[in-house]
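S.K.: Chains as they are written, first to last, in our numbering: chain A, 159 to 614; chain B, 159 to 614.
Among the clues, some could well be false.
Mimicking SDA-like on lysine to any residue, the simulated pairs with C-alpha atoms at most 25 Å apart in a straight line are [to be verified]:
id	chain 1	residue 1	chain 2	residue 2
1	B	K514	A	L253
2	B	K514	A	L255
3	B	K442	B	D406
4	B	K393	A	S391
5	A	K257	B	P508
6	A	K565	A	K613
7	B	K319	B	D446
8	A	K514	B	L231
9	A	K514	B	D579
10	B	K547	B	L438
11	A	K189	B	H367
12	B	K189	A	L255
13	B	K431	A	K189
14	B	K235	B	P508
15	B	K431	A	R509
16	A	K442	B	S505
17	B	K514	A	I433
18	B	K514	A	P550
19	B	K546	B	P423
20	A	K514	B	S391
21	A	K414	A	I433
22	B	K393	A	L255
23	B	K393	A	K565
24	A	K393	B	K209
25	A	K428	B	H367
26	A	K393	B	L504
27	B	K189	B	E264
28	A	K565	A	K547
29	A	K393	B	I399
30	A	K257	B	L504
31	B	K428	A	K257
32	B	K257	B	D579
33	A	K514	B	L438
34	B	K431	A	D171
35	A	K431	B	K514
36	B	K393	A	N512
37	B	K209	B	L231
38	B	K431	A	L253
Since the hints were derived computationally from the structure, they do not count as laboratory data.
Here the structure is a predicted model, which is why all the values come from computation and not from measurement.
2 protein chains.
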Amino acid sequence: MTSISTYIEQNRDRFLEELFELIRIPSVSAKQENIPDMIRAAEFLKDSLEKAGASKAKIFPTAGNPVVYAEKLISPKLPTVLVYGHYDVQPAEPLDLWKSPPFEPEVRDGRIWARGADDDKGQLFMHVKAFEFMTGTGTLPCNVKFMIEGEEETGSASLEKFCRDNKKMLAADVILISDTTMVAPDLPSITSGLRGLSYMQVEVTGPDHDLHSGIYGGAVVNPCNVLCDMIASLKDRNGHITIPGFYDDVLTVSRKERNEMAKRPFDREKYMKSIGVDDLGGEKGYTDLERTGIRPTLDINGIWGGFTGEGTKTILPSKAFAKISMRLVPDQNAEKTASLFSDYFLSIAPRGVNVKVEYLHGGEAYVSPLDTPEYQAAAMAVEESFGKKPIPVRSGGSIPIVSTFEKILGIKSILMGFGLDTDAIHSPNENYPLFNLFKGIETIPLFYSHYARLKK
Amino acid sequence: MTSISTYIEQNRDRFLEELFELIRIPSVSAKQENIPDMIRAAEFLKDSLEKAGASKAKIFPTAGNPVVYAEKLISPKLPTVLVYGHYDVQPAEPLDLWKSPPFEPEVRDGRIWARGADDDKGQLFMHVKAFEFMTGTGTLPCNVKFMIEGEEETGSASLEKFCRDNKKMLAADVILISDTTMVAPDLPSITSGLRGLSYMQVEVTGPDHDLHSGIYGGAVVNPCNVLCDMIASLKDRNGHITIPGFYDDVLTVSRKERNEMAKRPFDREKYMKSIGVDDLGGEKGYTDLERTGIRPTLDINGIWGGFTGEGTKTILPSKAFAKISMRLVPDQNAEKTASLFSDYFLSIAPRGVNVKVEYLHGGEAYVSPLDTPEYQAAAMAVEESFGKKPIPVRSGGSIPIVSTFEKILGIKSILMGFGLDTDAIHSPNENYPLFNLFKGIETIPLFYSHYARLKK
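This is chain A alone, in the form it adopts within the complex:
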């Protein structure tokens, strides 16, 4: 019988060709202009899953981008794995910083360079190919379902309803997701927790048109200055967020658990070098890993207002905007946090300006227990393919839909991701190492067989 590694070896070029075809579709969910591309990406995946052996594959329209569903059900006696992924990608801007065009994937230095190379087209593709291998060789030991959405990068707006409407079809024992990172190939890890997210947009309006900054400056309240003042007052000098009630629901992590977490190796110098900074900073009283793992944050994702072109323009701007998002930890609620933010932000607006706050999207944090057959199957699979027992890691990122799955479908998720922190997801020059891609395809069938055995 063909082994998975032989299968990968034999099909390596075809795998890359197929993945590149998917990557070339600029399925940026944040942009209206890419709606036709969303449909193309969904159709591509439906076809791929059918060819890979799905007995049913269907595109479900939603109020937003379509969801691709596929399944191969062998026996009601076997456990069912629901694979989740997303075919939408982040915007590629700023384009001028890419070394090769974001939607023209190419291999350099053993990595695929393209938007979506890792997040999540590359990682999702591994599941399609592992599935193709298992069905082709008759070694599929579980029932499999696929649910692939096209709105993850904009908050999975349609997926909650899709889950509610299709609870029966989606019934499963575990949701398997590859949309996270591991510490390093020689230090494999499994994501055991995710932060939640509340993503806000604020708009400060002063005068109803841009004014001459000389004629009016001094007497008219400047919305850009106001926005800076307001944002500055969202944190104190210790990096604590000042929004009243913000920390009320934060679950205290025990000293013992923090000590456990501290054992994870962390090379501060290497970390700083990889992102080009000469120091780190954040909330007082916590380590770097705690700041990204178990503590909530407040970051500006974007800010703009007034004249931003070349040269000088002496205006007192009419408007200023910012996109501000907060990463949440258990048991913070995304909507409640958005509302605390909004109340506070409006309360600190000075006279002379008009402030609007909008909650763009969000989701709750998620924690996965380690003593379940699901987690154990993943840990065994990773250990077998990477040769080292993976460590559980609380990630700073968010996949808001994971907590929604638990709430609506009652199914826990396993975050068996194969990305690396150096993959520059959401950034220019996103990339995905070929090693990780092929190692991922190799690991997935191992998960299925360990899981089937443990659930027997």
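With chain A's structure known, arrange chain B on it following the hints.
M.R.: The following block gives chain B in isolation, referenced to the frame of chain A:
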């Protein structure tokens, strides 16, 4: 003999056609792409001045945009008036807010709507046409020189050298400038003071590429948050600027002079309504007019960083920028202020980011004495044409080159402007009332005759 009002009446349509032709040239000095337009605008003005009766008209190349010089010298016994103006305009962005295209002038509601309609093509054009009238009717009572530059909106970078190199050619008794406003047609005023300017650009760099805000957020210093913190700390809660030494050279305006200034009518409600705000604000301890007239300011003209597009992108940005300008009053020095700003701004940068400060341009404040024949001639001319004695007004705006003229050429300037605060210069929908345009053409020959008489 034809009177100026008859002349205007007879040539009204031609005047508008000619002005529109000048306005249609998009001579935006802040943009590299408009360099050919700068040359076209300069050539247009050279031709216009020749046709209007200049005995010499020439385009002087500079390191930047060319300067148009023209003259009509009648007699060394007569006083010489040097008319200064500029053919460059502010960028028209944001374009979507214009009711008609910025470079396609049209007349609506008795006003010309276009970029440059007032600042300064419209106001400059009045001088060309008044000159045409005086030469055509043989009534020119002074020698006249014109110096028209193309870099006023970006800081007149080449004009200082031009003045130094051509001191003899530019020798004059007074510089006459129409590039300012009056309070209202029924409340004419002459600008007796201008604020100076120091225009800065700052750049805060955190990580060397945009990062995933979930994975890195909390531990990596966010340059957008830092920029807001830093800008917020440039003023205290009373609106005082906190830069050490900033106020050291500010000339105290006496209580008596402040009381005089307070007599100028100011309808706060009408002012607020005209710009669409429900309150004003600024430095504690000063009135609205004092805040724009005799006090220095610090305003953000533009701010940008991170993701500013539609939707959401969860990045921790690599960079944040702001354009920050300070309006100065006597005896603040622009370069010294820029250097105080720079020193302080760099000193408050936290660890984990790299901050750059650039001084883009600036100039000193200017105050014109009221008891000179120059000011008196202007006051008489305005009183005669508008039917009311003009009041002297300290304007908040800056024409940095005015103090340079005094320094290099040793000539005082008269700021006889005919614009209105509602002309929206530097804003979308810039406009210039036809009434002011034609009243301006009518007033200028009166200035010449009063001046010639007073200087006799």
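S.K.: Is the hinted pair K209 of chain B and L231 of chain B satisfied, with a Cα-Cα distance of at most 25 Å?
M.R.: holds, 16 Å
S.K.: What's the verdict on K431 of chain B and K189 of chain A, does the C-alpha distance respect the 25 Å limit or exceed it?
M.R.: With Cα atoms ~37 Å apart, K431 of chain B and K189 of chain A exceed 25 Å; violated.
S.K.: Can you confirm whether the C-alpha distance between K393 of chain B and L255 of chain A stays at or below 25 Å?
M.R.: Judged against 25 Å, a Cα distance of about 35 Å means the pair is violated.
S.K.: Could you grab the alpha-carbon distance between K514 of chain B and L255 of chain A and see if it respects the 25 Å cut-off?
M.R.: This hinted pair holds, its Cα atoms lying about 20 Å apart.
S.K.: Is the straight-line distance between the alpha-carbon of K546 of chain B and that of P423 of chain B 25 Å or less?
M.R.: holds, 15 Å
S.K.: For K431 of chain A and K514 of chain B, compute the direct alpha-carbon distance and say whether it is at most 25 Å.
M.R.: Satisfied, since the Cα-Cα distance of roughly 20 Å is no more than 25 Å.
S.K.: Given the proposed pairing of K393 of chain B with S391 of chain A, does the C-alpha separation stay at or below 25 Å?
M.R.: This hinted pair holds, its Cα atoms lying about 13 Å apart.
S.K.: Measure nothing beyond the straight line between the CA atoms of K514 of chain B and P550 of chain A; if it is 25 Å or shorter, mark the hint as holding.
M.R.: violated, 41 Å
S.K.: Regarding the pair K393 of chain B and K565 of chain A, is the alpha-carbon distance no greater than 25 Å?
M.R.: violated, 48 Å
S.K.: Hint check: K257 of chain B vs D579 of chain B, CA-CA at most 25 Å. Holds or violated?
M.R.: holds, 19 Å
S.K.: Given the hint that K431 of chain B pairs with L253 of chain A, test it: the Cα-Cα distance must not exceed 25 Å.
M.R.: violated, 42 Å
S.K.: Decide if the proposed pair is consistent with the structure: K442 of chain B and D406 of chain B, CA atoms, cutoff 25 Å inclusive.
M.R.: holds, 18 Å
Hint compliance for this structure: hints 5, 7, 8, 9, 10, 13, 14, 18, 21, 22, 23, 24, 28, 30, 31, 34 and 38 are broken, all remaining hints hold.
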